[in-house]
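If you're matching them up, the sequences are chains A and B in order. Numbering-wise, this note's numbering puts 16 at position 16 of the first sequence, and it's gapless, one number per residue. Numbering-wise, this note's numbering puts 190 at position 190 of the second sequence, and it's gapless, one number per residue.
Calculated from the structure, these hints are not laboratory results. We treat Cβ as the ideally placed atom computed from N, Cα and C, and that holds for glycine. Check the hints yourself; a few may be wrong.
The list that follows gives simulated cross-link-like pairs (lysine to aspartate or glutamate, EDC-like), each with its CA atoms no further than 16 angstroms apart [as the list claims (entries may be wrong)]:
id, chain 1, residue 1, chain 2, residue 2
1, A, LYS153, A, GLU41
2, B, LYS111, B, GLU163
3, A, LYS153, A, GLU107
4, B, LYS245, B, ASP204
5, B, LYS177, B, GLU163
6, A, LYS134, B, GLU221
7, A, LYS125, B, GLU187
8, A, LYS134, B, ASP204
9, A, LYS160, A, ASP139
10, A, LYS131, B, GLU200
11, A, LYS125, B, GLU185
12, A, LYS57, B, GLU163
13, B, LYS103, A, GLU48
14, A, LYS125, B, GLU200
15, A, LYS134, B, GLU163
16, A, LYS134, B, GLU201
17, B, LYS103, A, GLU43
Listed below are several chain A residues computed to face chain B (Cβ distance under 7 angstroms; list not exhaustive) [said to hold, decoys possible]:
id, residue
18, ILE118
19, PRO141
20, THR145
Per the computed footprint, the stretches of chain A lying under chain B, defined by three or more beta-carbons under 8 angstroms from a beta-carbon of chain B, are [as the list claims (entries may be wrong)]:
id, region
21, 92-105
22, 121-127
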Amino acid sequence: MRRRGALTSAIVAGLALGALAGYWSGRRSGYALPIGKTTLEQEASRLEMEYPLAAAKKPYLILDLLDSRLDYRLSGMTLKSLPLQIDSIRISGKEGRLSREGNLLLELEDRGAPPELIVPPDPNKPVDPLKDPKLFPPDPPSDFTLLFDRSVKVRFLGMKDEGWQAKMQGVGRTMKGWLPWGPGAGKNEIRIQLRLPAPEAQEIYRALYQHEKFLVLGLAEPENLPPGKSAAK
Amino acid sequence: MKRLPLLLLAAVLVTATGLSIPQEGPPPDPSPPSEPPPAPPSEPPQTPPPEAPATQPADSQIVGQEQPTPADQIPVEPAPPPPRKPKSRKPLTPEQKRDELIKSMGALAPKGIYLLIDTGTNRLYLMRNRCALRSAVCSTGSGRFLPDPPRNREWTFDTPKGEFKIRRKVTNPVWIKPDWAFIEEGEPIPRNRQERLAPEELGDYAMDLGDGYLIHGTLYERSLGMSVTHGCVRLGAKDLEAVFKSVKIGTPVYIF
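Model the full structure from these sequences, guided by the hints.
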């Protein structure tokens with residue numbers, strides 16, 4: 001009887017925690033914005049940081065945390081803008097805050113997964129045309145973490161209409177983030193988690209290229225942040 | 001007095017060689033000066049051309065009927081805008097600074113006819129200034145990786161990103177299949193050039209972006225809209241014809 005009681009209370013506690021995590025992750029549709037409006041100086045400073053990227057004739061991205069969107073830009077013109085939701089910003093394991101003065105210029109070092117390897121077909125085994133990856137490639141990931149220089153990691157969490165297992169996994173991840181020994185704790189790094197529809201997350205992944213430049217608006221660089229791989233070169 | 005010519009000689013030598021006489025005091029501060037950063041240059045800084053991968057993954061060579069290049073269509077690098085004369089030494093107000101930056105950035109935006117290629121959604125847009133004249137479903141690089149360990153080579157099939165120009169326009173292009181096309185299929189690499197020719201693979205038209213990357217047609221229109229190519233941009237036959245007829249040699253192409 002005692003064992004059954006303990007089991008029941010553990011299940012109830014688990015469900016309550018899960019519900020709380022689900023409520024918390026769903027509730028935080030917007031991150032607290034800093035008070036006040038963007039000043040002319042701040043706007044000029046942002047443009048000053050962006051100008052060399054625009055003049056470089058390569059596409060770059062502006063991750064606007066204040067406006068919750070990701071802009072694709074080239075030569076100063078916005079080509080595409082994707083709205084997104086900020087789930088969390090953690091600086092050295094602690095909750096980070098948005099700031100109107102802060103702009104961070106980052107370079108993509110790794111998109112978190114190796115490229116898919118092509119294995120030449122066996123001439124003795126004909127390939128089913130409907131399964132030929134040359135004609136029908138597998139979907140890119142919708143949940144991935146980008147690694148930037150300056151010890152910044154950005155996770156794009158693409159939301160699908162998934163089953164209960166995936167939802168529970170999401171809740172588990174959110175709960176893991178709360179733990180004092182959770183991801184990023186004790187490390188001098190910035191971790192940002194963003195949420196958006198899965199097709200858009202896949203779209204972002206598909207178009208990424210190494211050393212792509214990201215200008216992050218609304219995040220001041222904390223002191224003592226170690227340089228990334230590219231800075232060490 | 002006897003030392004005067006020697007001193008003069010030493011002074012001349014020091015000036016000519018650019019040597020400086022060491023002075024006592026703290027070493028020069030390696031950090032940049034604390035002055036406010038200068039206003040952006042009116043002339044965009046010189047940047048290297050869009051990076052091509054170490055290996056050439058794209059459909060590197062084609063033959064076909066090349067469209068003649070009229071003298072007025074020869075791609076010419078646009079002359080950089082003349083540097084603006086500083087009007088006054090008075091520091092700019094934040095508003096002036098912002099307006100100046102917006103103006104400089106606006107000057108970078110493309111004008112006239114150009115192509116925009118979105119590798120994330122596999123769409124190509126024929127643009128005039130800020131208006132899309134035509135939108136087409138295309139296919140871009142798969143991002144897949146093909147190693148060739150016996151010959152110590154490898155290819156990554158990505159479409160390069162950045163600003164390009166139409167360098168050549170070719171009708172009835174014939175693809176000369178590169179080595180990777182055979183390695184990928186598990187076939188032996190032919191020694192004979194004739195065995196490499198694939199006359200209908202690229203459709204009716206091809207536009208060369210340089211470094212072996214092309215905008216061309218395809219036999220596999222079913223896979224349009226997917227990231228399946230070796231770096232080239234594939235279009236359906238109708239869109240290919242419309243785009244081919246709308247662009248000139250030198251038309252800018254922006255891939256993102």
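Which constraints among the numbered hints does this structure fail? Numbers only, ascending. Per hint list: 1, 5, 8, 10, 14, 15, 19, 20 and 21 violated.
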